[in-house]
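Quick note: the sequence shown, position 254, residue 260 per the working numbering, numbers continuous.
Simulated from the structure, these hints should not be mistaken for laboratory data. Virtual Cβ for every residue (Gly too), placed ideally from N, Cα, C. It is possible that part of the hints are untrue.
[Stated by the list, open to error] Using 25 Å as the maximum straight-line C-alpha spacing, the simulated PhoX-like pairs for lysine-lysine come out as follows:
id	residue 1	residue 2
1	186	174
2	163	184
3	202	237
4	355	330
5	174	184
6	355	335
7	174	290
8	226	107
9	226	163
10	78	93
11	226	290
12	107	290
13	201	184
14	166	195
15	186	201
16	107	56
17	290	186
18	347	237
19	186	202
20	181	202
21	201	290
22	78	202
23	290	335
24	201	181
25	330	78
26	162	107
27	335	184
28	195	290
29	184	290
[To be verified] Distance windows between CB atoms, simulated:
id	residue 1	residue 2	range
30	212	279	30 to 36 Å
31	34	226	20 to 26 Å
32	302	163	17 to 23 Å
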Amino acid sequence: MSITLPNYITGEYAVGTECFTVIDEERQEVLGPGTGPRKIAVRMYYPTDKSNVSGLEKADIFTERKLQGLSKAFHFNAKKIDSDLLKGDYYEGVAHVENQKFPLVVYNHGYNAYVEANTFLCCELASNGYIVVSVGHAHEAVANEYEDGTYDMYDKKINKMMYDSVIKTLIAQGKVLKAKGTPEELFEKFDAFQKKHCRYIMGRVTEWAKDTMCVITELKSRYAEWIDFSKGIGATGHSMGGATAYYLCHHEEEFACGINIDGGLFGEYNGMVMKKPFLQICCKENYNVETRPLFGTEAPVEIEIFESMKHIGFTDAKFFIPLKMVVGKMDAMEMYERLSKLHLDFFGKYL
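Using the sequences and the hints, build the whole thing.
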């Protein structure tokens, strides 16, 4: 088995990348060992002139630790992956474009995923003139690695805290996914489900938003000369990260627009009105848990339903997990090109 990521850079720029760590001194970590302040791993993708990368070697997508963690989470044999195919279409630590600022898009990964989970999408955005920051959530990703050489892995005790009862939750979830009704009626069913079975996840959306805002504060201090904040910030993310994008657009003035990539919209929104443009992307089978953006809004809302897709297939996993029952039947390149175009058109309109 080989990872066959596409040649996904279509913009006028090459892509640079840099990793850094943000520490939130105001929050004590409650996951993992539960010691010390909350740490946030960040990978930034940014435009660079193509002349800056001439002759350079592309950066690795995975460290060995992260690759092993990913193989356990997604049940594939990491040893069978050709190492030559583990390079991203980006370059470590190259110069930024001089005397030019670019709009910012923040990406949040899904639960038990990883910072580079949508490398192809982040690089495509960066090549078209965006700075993209991917936020890693400590102990809730496959693995996070930090500037000081430390790391953390997914905290397995979360699996017991996540649901009040796995069997009861799965049965109730199945009923929600099969329900019929208007977007408002479907949301009411989902809202009742999450408040009964998923209180823990609802609370973590708030914490992921806090992680994101800590990163924004750091960006203003460290990278202000390269980021154009004048039109606000764009948010996107997959799964739990998509729910975080929706939360940020509701609660943080600095976010101008957002995209949810197939995330169940956990969180408390009853009576709230969305005032930011929002794009809802979903696979057909998850539509019922993602209807909240379709009503209760004063801003433009768009929805794109991908036929023949599965939830995990909206990430890079589409290119290295062969099981269609996991990633969907849609061709990987078709999915990637459609997902990228939706992002470029949406952020091009509102950022």
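Hint-by-hint comparison with the structure:
Taking the CA atoms of residue 186 and residue 174, the gap is near 21 Å; set against the 25 Å cutoff, the hint holds. The hinted pair formed by residue 163 and residue 184 fails the criterion: a straight-line CA distance of about 30 Å is larger than 25 Å. Note on residue 202 and residue 237: the hinted pairing is violated, with a Cα-Cα distance of about 39 Å set against a maximum of 25 Å. Between the alpha carbons of residue 355 and residue 330 the distance comes to roughly 33 Å, so the proposed pair goes past 25 Å and is violated.
A hinted pair counts as satisfied when its Cα atoms are at most 25 Å apart, and residue 174 with residue 184 qualifies at roughly 16 Å. For the proposed pair residue 355 and residue 335, the alpha carbon gap of about 30 Å is over 25 Å, so the pair is violated. In summary, the hint linking residue 174 to residue 290 is supported, as the alpha carbons are separated by about 23 Å, within the 25 Å threshold. Distance restraint check for residue 226 and residue 107: the Cα-Cα separation of roughly 13 Å lies within the 25 Å cut-off, and the hinted pair is therefore satisfied.
Our distance criterion of 25 Å between C-alpha atoms is broken by residue 226 and residue 163, whose separation comes to about 35 Å. At roughly 20 Å between alpha-carbon atoms, residue 78 and residue 93 fall within 25 Å of each other, so this suggested pair holds. The suggested pairing of residue 226 with residue 290 is violated, with an alpha-carbon distance near 39 Å, which exceeds 25 Å. Under the criterion of a C-alpha separation no larger than 25 Å, the hint pairing residue 107 with residue 290 is inconsistent with the structure, at around 38 Å.
Restraint check: the Cα-Cα separation between residue 201 and residue 184 comes to about 19 Å, which is no more than 25 Å; the hinted pair holds. With a C-alpha separation of about 24 Å, the suggested pairing of residue 166 with residue 195 holds against the 25 Å cut-off. Between residue 186 and residue 201 the alpha-carbon distance is near 20 Å, which keeps this suggested pair within the 25 Å criterion. Among the hinted pairs, residue 107 with residue 56 is consistent with the structure: their alpha-carbon atoms are about 17 Å apart, no more than 25 Å.
Taking the CA atoms of residue 290 and residue 186, the gap is about 13 Å. The hint holds against a cut of 25 Å. Restraint check for residue 347 and residue 237: satisfied, since their Cα atoms lie roughly 21 Å apart, inside the 25 Å limit. For the given pair, residue 186 sits about 20 Å from residue 202 by alpha-carbon distance, which is consistent with the 25 Å threshold. The hinted pair formed by residue 181 and residue 202 meets the criterion: a straight-line CA distance of about 14 Å does not exceed 25 Å.
Restraint check for residue 201 and residue 290: the C-alpha separation of about 23 Å stays at or below 25 Å, so the hint holds. Restraint check: the Cα-Cα separation between residue 78 and residue 202 comes to about 30 Å, which exceeds 25 Å; the hinted pair is violated. Annotation: proposed proximity of residue 290 to residue 335 holds, straight-line Cα distance about 12 Å (limit 25 Å). A C-alpha spacing of about 15 Å is found between residue 201 and residue 181, which places the hinted pair at or below 25 Å, so the restraint holds.
Annotation: proposed proximity of residue 330 to residue 78 holds, straight-line Cα distance about 18 Å (limit 25 Å). Restraint check for residue 162 and residue 107: the C-alpha separation of about 41 Å exceeds 25 Å, so the hint is violated. Straight-line distance between C-alpha atoms of residue 335 and residue 184 comes to about 21 Å, which keeps the hinted pair within the 25 Å bound. Distance restraint check for residue 195 and residue 290: the Cα-Cα separation of roughly 17 Å lies within the 25 Å cut-off, and the hinted pair is therefore satisfied.
Note on residue 184 and residue 290: the hinted pairing holds, with a Cα-Cα distance of about 11 Å set against a maximum of 25 Å. For residue 212 and residue 279, the hinted distance range of 30 to 36 Å is not satisfied, since their beta carbons lie about 19 Å from each other. In this structure the hint that residue 34 and residue 226 lie 20 to 26 Å apart at CB holds, the actual value being about 24 Å. For the pair residue 302 and residue 163, the beta carbons lie near 35 Å from each other, so the given range of 17 to 23 Å is not met.
Comparing the model with each earlier hint shows violations of hints 2, 3, 4, 6, 9, 11, 12, 22, 26, 30, 32; every other hint is respected.
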